[in-house]
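Trainee: Chain by chain, the residues run as shown.
2 protein chains.
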Amino acid sequence: MIVVRTIAELRTARRGLPGPVGFFPTLGFMHQGHLSLVEQARRECASVVASIFVNPTQFGPNQDFHRYPRDEERDLAMLAQAGVDLAVLPTVEEMYPGGDATRVRVAGLSEVLEGERRPGHFDGVTTVVAKLFNLVQPDRAYFGRKDAQQVLVIERMVRDLHFPVTIVRCPTVREPDGLACSSRNVYLTEEQRAQARSLSAALRAAEAAFAAGERDAGRLRQLARDQIESQPLASIDYLSLAGEETLHELHGRLEVPALLSLMVSFGDTHLIDNTTLAP
Amino acid sequence: MIVVRTIAELRTARRGLPGPVGFFPTLGFMHQGHLSLVEQARRECASVVASIFVNPTQFGPNQDFHRYPRDEERDLAMLAQAGVDLAVLPTVEEMYPGGDATRVRVAGLSEVLEGERRPGHFDGVTTVVAKLFNLVQPDRAYFGRKDAQQVLVIERMVRDLHFPVTIVRCPTVREPDGLACSSRNVYLTEEQRAQARSLSAALRAAEAAFAAGERDAGRLRQLARDQIESQPLASIDYLSLAGEETLHELHGRLEVPALLSLMVSFGDTHLIDNTTLAP
Chain A
0 MIVVRTIAEL RTARRGLPGP VGFFPTLGFM HQGHLSLVEQ ARRECASVVA
50 SIFVNPTQFG PNQDFHRYPR DEERDLAMLA QAGVDLAVLP TVEEMYPGGD
100 ATRVRVAGLS EVLEGERRPG HFDGVTTVVA KLFNLVQPDR AYFGRKDAQQ
150 VLVIERMVRD LHFPVTIVRC PTVREPDGLA CSSRNVYLTE EQRAQARSLS
200 AALRAAEAAF AAGERDAGRL RQLARDQIES QPLASIDYLS LAGEETLHEL
250 HGRLEVPALL SLMVSFGDTH LIDNTTLAP
Chain B
0 MIVVRTIAEL RTARRGLPGP VGFFPTLGFM HQGHLSLVEQ ARRECASVVA
50 SIFVNPTQFG PNQDFHRYPR DEERDLAMLA QAGVDLAVLP TVEEMYPGGD
100 ATRVRVAGLS EVLEGERRPG HFDGVTTVVA KLFNLVQPDR AYFGRKDAQQ
150 VLVIERMVRD LHFPVTIVRC PTVREPDGLA CSSRNVYLTE EQRAQARSLS
200 AALRAAEAAF AAGERDAGRL RQLARDQIES QPLASIDYLS LAGEETLHEL
250 HGRLEVPALL SLMVSFGDTH LIDNTTLAP
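Residue numbers (numbering that gives the first Met the number 0), protein chains in the order written: chain A, 0 to 278; chain B, 0 to 278.
None of these hints come from the bench; they were simulated from the model.
A quick note: this is a predicted structure, and the numbers were derived from the prediction, not measured.
Ideal Cβ placement from N, Cα and C applies to all residues, glycine included.
Just to be clear, a hint being listed does not mean it is correct.
Unchecked claim - From the structure, some residues in chain B lie toward chain A, with a derived Cβ separation under 10 Å: (1) Ile6; (2) Gly97; (3) Gly98; (4) Arg102; (5) Arg104; (6) Val105; (7) Ala106; (8) Asp159; (9) Phe162; (10) Thr165; (11) Ile166.
The task is simple: from the sequences and hints, build the whole structure.
Mentor: Written out as structure tokens, the structure reads:
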């Protein structure tokens with residue numbers, strides 16, 4: 000595995016990669032979710048590129064940029080083991096030469112749900128992903144469905160700006176008890192960790208009711224909400240049942256594919272998860 | 000010359016072009032300024048691509064989008080004659096599928112001078128140029144120095160988003176009497192056209208004083224201003240002497256390369272021009 004830290008090194012290394020090139024951008028602190036993206040990329044591409052970059056512009060001033068977990072040595076070992084061909088670990092100065100005057104923004108989709116709780120978050124995401132796409136020039140880019148809104152925002156950016164990249168949505172990888180894999184899970188205390196099972200339990204409860212014929216948006220939301228509210232350490236940031244493509248909140252009877260998504264806090268730790276309910 | 004109107008046709012045609020590929024985006028209604036870009040691109044590239052697209056998002060609601068001069072037949076004949084290999088004439092629907100939610104914005108540089116008089120103008124420019132770069136994938140892109148602020152904003156976008164494109168600044172082409180070539184010159188009445196010579200006269204007056212040793216920013220601006228104010232039909236929108244890279248207005252003695260730029264109205268027609276004064 001080639002490891003590069005500057006844009007000059009990246010451009011040189013990129014020229015030597017046979018195509019099609021698969022890419023997955025990460026914030027590092029790898030878990031099974033990341034590794035499943037590598038596996039899928041390896042099946043579909045001749046070369047796989049991964050980036051590790053804790054992007055400051057997607058964190059708000061009071062968010063966890065500085066404490067975000069980092070373990071470069073372990074990450075590189077995992078990526079090499081998984082069969083990544085090129086790992087890109089740029090500095091903030093390389094990625095934001097002369098500051099952050101230039102932003103890419105997807106209005107609408109970026110402003111609801113997680114975007115409403117974390118103003119500017121998705122602007123930071125779309126900006127850094129645009130930079131990385133221009134640098135890595137992948138044919139296919141892999142994103143986990145756990146970050147459903149992120150995938151939607153990036154797909155919209157790619158379509159609108161005509162990036163010559165295919166976005167691949169990959170299934171959420173879960174711990175044995177159902178908790179979605181996330182680098183932020185390490186923040187949880189043992190007690191919080193146990194109660195965090197309620198996120199996937201909420202999704203499963205709504206899925207089961209949906210499978211049994213329940214179509215009322217309000218009742219489906221309430222079933223999910225009940226699971227979270229039964230956990231004393233859990234606090235709901237949002238719990239949404241919205242049009243899967245528009246993220247407009249749904250009311251009454253479900254007629255279109257819906258994204259059931261939620262953000263739940265345990266202390267300072269915000270976890271997200273989601274599922275799709277398709278009539 | 001291949002002419003394409005859809006993105007699918009463009010992607011197919013692009014694959015057949017030998018590199019390096021030179022590109023110049025235009026609003027059409029070609030003049031000698033455009034043709035000089037083709038000439039330079041032909042000298043430096045194996046293939047030359049031109050786009051003609053009157054981009055709605057760079058016009059304000061009360062600006063000249065609908066009356067902007069168009070002559071597709073003449074444009075295509077001129078481009079073919081000049082040796083362009085591929086002409087791209089997309090529709091608004093092809094360029095903005097599903098609306099204009101996604102924008103690329105260069106804060107700061109986009110907000111002064113022409114950006115202050117035309118709010119949102121440069122956001123429209125950077126957005127459409129980002130789209131076109133992703134579609135055409137040029138190695139080099141050619142822009143006229145007449146639109147000095149536009150070149151600066153695009154260079155900043157390219158650097159910040161790491162587009163793999165070299166921006167080439169091309170000299171302003173002028174009519175025999177000094178007026179910079181512009182598609183908007185056709186809007187001028189004969190009387191306005193005569194007085195429009197004052198734009199280049201203003202630049203030449205400042206250049207002459209500068210060459211003779213004048214370094215005071217205020218006096219240099221005033222010399223230029225005097226030329227415009229001597230013309231009864233001319234109205235100054237702005238007249239700026241600013242740092243060439245920052246566009247911050249300069250005061251006192253010039254110590255850094257300065258951009259002397261101006262926008263002058265004749266009725267509803269806004270003309271721009273500029274020169275660089277380098278100590």
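Trainee: For each hint, tell me whether it holds in the structure or not.
Mentor: Status of the hints after comparison with the structure:
1. Ile6: Check passed: Cβ of Ile6/B comes within 7 Å of chain A, closer than 10 Å.
2. Gly97: holds (7 Å)
3. Gly98: With Cβ-Cβ at 8 Å, under 10 Å, it holds.
4. Arg102: holds (5 Å)
5. Arg104: holds (5 Å)
6. Val105: Result: holds, 5 Å to nearest chain A Cβ.
7. Ala106: holds (5 Å)
8. Asp159: With a minimum Cβ separation of about 4 Å from chain A (threshold 10 Å), the hint on Asp159/B holds.
9. Phe162: holds (5 Å)
10. Thr165: Check failed: Cβ of Thr165/B comes no nearer than 13 Å to chain A, outside 10 Å.
11. Ile166: violated (14 Å)
Violated hints, in rising order: 10 and 11; the structure is consistent with all others.
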